[in-house]
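Each residue of the sequence shown is one higher than the one before, counting from 1 in full-length UniProt numbering.
Because the hints were derived from the structure by calculation, they are not lab data.
Be careful, since some hints might not be right.
To be verified - Straight-line distance between alpha carbons at most 25 Å, and here's what the computed DSS-like set of lysine-lysine pairs gives:
| id | residue 1 | residue 2 |
| --- | --- | --- |
| 1 | LYS98 | LYS40 |
| 2 | LYS2 | LYS26 |
| 3 | LYS26 | LYS91 |
| 4 | LYS9 | LYS40 |
Quick caveat, the model's predicted, so the values are computed rather than measured.
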Amino acid sequence: MKMAIEEAKRGIEAGEGGPFGAVIVKDGEVVAKGHNEVVKTNDPTAHAEIIAIRRASRILNAFHLEGCVLFVTGEPCPMCFAAIHWAHIEKVVYCNTKADAAAIGFDDAFITEIILGKRSDPVLFEHRPDATCQRLFKRWYENPDKVLY
1 MKMAIEEAKR GIEAGEGGPF GAVIVKDGEV VAKGHNEVVK TNDPTAHAEI IAIRRASRIL
61 NAFHLEGCVL FVTGEPCPMC FAAIHWAHIE KVVYCNTKAD AAAIGFDDAF ITEIILGKRS
121 DPVLFEHRPD ATCQRLFKRW YENPDKVLY
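Could you put the whole structure together from the sequences, leaning on the hints where they help?
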């Protein structure tokens with residue numbers, strides 16, 4: 001956790017983003033680190049967890065990070081929560097809670113409320129079925145080698 005805190009400090013001191021740092025460990029070895037780079041990159045997805053997951057995936061040459069533990073300075077937001085699950089990370093250890101983050105201006109409760117149907121979604125989503133698009137999904141599913149031609 002000390003490394004995640006140091007990573008968060010580096011990001012703050014560089015003016016790259018909020019006070020979030022992450023470290024991914026596998027078999028007792030540090031695989032990857034990251035800090036919030038939202039301001040640096042103008043990328044709203046550049047959260048510490050996402051940066052660390054991307055780096056760990058490159059280093060381990062795998063998009064599933066089974067056996068990995070993520071240490072992070074803040075309880076993951078809904079986006080990072082989903083990425084952690086997609087990456088199959090085994091365990092997450094965090095310092096500050098979502099309430100702590102909300103108290104300093106990083107309040108993501110509205111996203112959870114939208115997901116749970118407790119709040120209306122300000123973003124308009126429109127479903128447009130398309131046979132070609134559906135065939136693309138079917139080809140992917142049916143092709144055991146996952147190679148599209």
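Structure-based check of each hint:
no. : hint          : result
1   : LYS98 - LYS40 : holds (23 Å)
2   : LYS2 - LYS26  : holds (16 Å)
3   : LYS26 - LYS91 : holds (11 Å)
4   : LYS9 - LYS40  : holds (15 Å)
When held up to the earlier numbered hints, the structure conflicts with none and fits them all.
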